[in-house]
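Participant: So the sequences go chain by chain: A and B.
Just so you know, we're using this note's numbering here: the first sequence kicks off at 1 and counts up by one.
Just so you know, we're using this note's numbering here: the second sequence kicks off at 1001 and counts up by one.
Heads up, a few of these hints could be off.
Only some residues are given here: those of chain B computed to face chain A with a beta carbon under 7 Å [what the hints assert, rightly or not]: (1) S1123; (2) L1199; (3) M1210; (4) A1214; (5) N1287; (6) P1394.
In silico PhoX-like links for lysine-lysine, alpha-carbon gap of 20 Å or less [unchecked claim]: (7) K192/A - K1119/B; (8) K1101/B - K1392/B; (9) K1108/B - K1066/B; (10) K297/A - K1208/B; (11) K1311/B - K1101/B; (12) K1107/B - K1355/B; (13) K1101/B - K1355/B; (14) K1401/B - K1353/B; (15) K165/A - K1311/B; (16) K192/A - K1101/B; (17) K1353/B - K1108/B; (18) K165/A - K1332/B; (19) K1198/B - K1208/B; (20) K130/A - K118/A; (21) K1311/B - K1353/B.
Worth flagging that the hints you see were computed from the coordinates, not collected in a lab.
Positions of the beta carbon are idealized from the N, C-alpha and C atoms, including for glycine.
Okay, here's what each chain looks like letter by letter:
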Amino acid sequence: MDIQRLETSRLFDRLGFGPRPGEYAQALKDGVPTLRARLTTIPDASLNISPVIEPEITDLGRPPAANSPEVVAFAIALRSQTQAMVLWWLDLMALSGHGLTERMVWFWHGHWATSIEKLNFPLPMFKQNKVFRTHALGDFNAMTKAMLNDGALQFWLDGQDNTVKAPNENLGRELMELFVLGVNRYTEDDVKAISRVLTGYQVVRTNGTVTINQNRRDTNPVTLLGKTGVFTGDTLSDFLVARDDCATFISERLWYRFISSTEVMPAGFSAKSAFAGRNITAAVQAMAADSAMQDPKNAMVKSPVEWFISACRALELTPSQLQTTAQLNGYLDKLGQVPFKPPNVGGWPAGEAWLSSATSQYRLAFAFWLVKQSGLTALTQIPRELRVRRSADWLGVPEWSSRTQSSLRSALDDPVQFALLALCSPEYIVSA
Amino acid sequence: MDTISRRRFLKLTTGAVAVGISANFLTLDEIAEAAIDRPLAPGTPIVVIVTLYGGNDGLNTVIPFKDPIYFSSRPDISYTVESMLPLDSELALNPSMTGIKSLWDQKKVAIVRGVGYPKPDRSHFSSMAKWQTASPGKAVNSGWLGRWLDSQPEDPMLAISLGSVLPPMLSGTKISGSALPLGGLVIPKGAFASQCIKLSKPAPTDSKLMAAAATSMRNLFSVSTAIQPILRAPAPVAVDLPTVNGGNAGGGSDLSQQLDVVAKLIAAGSPTKVWSVSLGGFDTHANEANAQAELLGVVSSSLTRFMSQLKSTTRLNDVTVMVYSEFGRRVKGNASQGTDHGTSGPMFLIGEKVKGGFYGDQPSLSKLVDGDLAVTTDFRDVYATVLESILKSPAEQILGKWSGRTNFLTPA
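Pulled out of the complex, with its shape left as it was, chain B reads as follows:
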């Protein structure tokens, strides 16, 4: 039966934990082994994709604080001007995003405004599918970075998603990225370990699925002693953040745990050019203000910590972070102190090589399209630049003929 249907692209709006359909599962050990055997060449660009599931309210992320329509459209959920973090004379960041504000001040943050695609779709599944396949007009069975993987020599380490579900963005037509479940693997020890090893040996009577079950347990124990030090090593220290009880402030959230692992493996030299991490919960139909501020605070502190951790590695200059969500939300607040599914929203690009500032036009609050924000930048403009300027691959193979570019990097 054809399981490679549209279903593969239907993703839950908040952190899905179920196992994906066709992911290669990697263990930390395998990645660490690859990092030792064939580390990523120094200076190779790396992109870290951050997916915010649920539809992040862009208008309360990058806020047009001079526009009276902002305040009159959503009286229940607008912020006071004093609490916002101004970026220029018209736009301000959500009050919770202090870390990203400080990176912005260092000119390391590009904010692309009004990003979306033609004929906005307000279903989480379809809209996320459009973003992840980069094919908003026609449903296709491969993700944009999956098609990039198709164009590369096959290597399960090349693109890795944290968590046990492989996002459709990393599914190619021939090659797919790999999933790294979080939580590390606590491997049984001692006499019990030897019994487990015995239990995981192949048996001549095993069916195919029983053999797979045995293999999955055997893989638990296939850790060579050489890679133990990398696994045991703590994540890189965030050099310029205060520490709390020996750990850096901002830790503890699921996103920061994911980014901790990414930082550790980047530092170790994992031959990985694309990392995917995610945070769910942005579907703020009700009681939005607190919920979204909390989530954006997590995004901001986790990313700031991650960038800071990279400073204690040799790869700080190689990494670019890209943040997006499947859609923004309605301009008007709804009756439950929330917002409903909308259209365009801002994207963030963060890194040493990023040319900080605004890109794309801010959608006007007085010229709405069907009551929603206009799309002023197509996400494929950003993807094309990521493909060409970061991954050094021709964009046309992956996106088709597409002329738009968002040149958010400092010229090399």
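The following block holds chain A by itself, in its conformation from the complex:
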């Protein structure tokens, strides 16, 4: 395989949500270093005007009594705000000028995996998404501190039930296992100790406001990972994030989500040393330049949302404009990936888990629905005799197999079917 085509394709697929029409061919002309620099340079925030209008997500307050007249309006507002929030995020993924930021927000959403299924209110989830946006490529310690004060995460992991009288270990355990250090890098005694440190948080579920109730706090010294002292949320974050295990764990997670969910991270993966100062951009830039990006072993299955957004970009579609939103929800739900609804605190599955015959059927139906709504301008502009070969550039695919070429050739007279087959081909479902 042509290494430049492979690396270019991976940079688009993994540091963003795939190329728009024309971008892949242009990037091949520019060369990998130029593309890599462009994708991993953080744009000046003052110039970063969002292409998507922010929805108005409000505090809906306590639900009115069941069977009261007000309950209908409440239920409608709940549903429409939740819907608007999902569409806002999908639109940002598809339209944002800086794909890496969106890609990192998506990564952190799967990392600090919180589901609206438990919160039941959109505002805390919306605020959490904003926290991911603020810290997506910033300082991991600042992000951890912000997440400890995030109402959605606190509520999701029963932080508000964790009091000096009745400790609840849910958040403390996951903070070490899934968010900062990695499994088995602590003892059960450390889980008890960290849970005592995290007592006293209280959450207003409807809006995600977090306060600390001093009466519920356990302010006695604890011994955590060998250190005895009185911690606050902030000093706890300082202590955990400074540990070597944190650099190991975050680089493992970057590897697993951006490089390979099947190959083991090599000890020399450069993101780890680059994360020494806990700067996320530094780790991501090192990862983007790591030789692993060229290793043909490191293929990744596109998750349903990644596949969908890439398809929207190639087809020049805007998620919120698709007819209808209910159908869009249905497809994402059938494929098993609705934003804001990860299946559990461990985040989204990866790899072959997305490749069952059931998902392949739903993907075909989803792709057909999308292709019908696209003008297919980019595809039909390619002269018919060049269409098979150049459609690989259109979609950012390094190369079509002889099998897929043969299938595409049989659909040359029907652009809808051609696009459908290309989007459902093994070469597009999998980032090579």
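Place chain B on chain A using the hints.
Facilitator: Frame of chain A; chain B shown alone:
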């Protein structure tokens, strides 16, 4: 990287739809094919596990209607005595559970009271993990029925979960159960089908994951003509329920769709001894009364319909249904007309071979443990009986040394 960590046991509190980590995915076709080639021997016992995710409020399911503490503890969410469905002089079913009440009257329902495990854990994830691994004291990486699968000859058809996520209960250390995504598979037809088939052929340049992607599409088309009739056949008719617009009343919910498929495949002879279905949404911290009644109504009508469907098959006497949730809820209602995570709750066992009645002691409302209901029966008592008396397997291999039993079956 070790993905077989505790994470596998962390399940969402309501119907998770994401694809599980290590499930074997089955298609209806594969199951139907197995049903034709090697049907389950007639008379083989079958167990259908119904998991209620979110923590079902046991106290508003089997209600101690003579106890004034019930009414005073939860004034906002207690039912009126007139609306309840009395089971005996002290306990009544939730008003929405009319179908199960009628099965109870036919002595086909065993209700095990106060079921839980030592040192109750109020986290959904950990508590569900304890129930599904049957190892409340120590975290283990296998489910109780997964360990049973480990003890059986390997067969992907032996234990099947409906929906695309494999519940941890069916993960063994060597062998796991299979997941059957719902919704059936609508297979492309005609010229487009032949293009898809072309697209799903193996290519020499495929990476391992691309080959897997091609295989997954190819499997869509690997339906032999012999099994089409089974797939097309309607679910068995519920013989003694009224029909609505040609279908039986009570259909339409996700649980009844799952049970429809189970009934169809049991009728076809699928070589499956364990089925797993589920319903989510029981985490009723707020505005509980309506939400829970609606859910319990779904459980009741779906199961009643399922048992009725089995009457038109040869397997009615072989099937036992077991219903559980990860915990019950607090006795006291909270400030939002709901209840918070609690401890013990009732389990239901339903079937022709079940000896109807109550088992285990009703936890007292005046002798609470830390404000919560006491655990009077360990769930392992019930599991041990399911393993020994239904699955005909030694319980010790799966549960360790465990002496308790809940003998809810009629003596053979």
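Participant: What hints, given by number in increasing order, does this structure fail?
Facilitator: Hint check: 6, 8, 9, 14, 15 and 16 fail, others pass.
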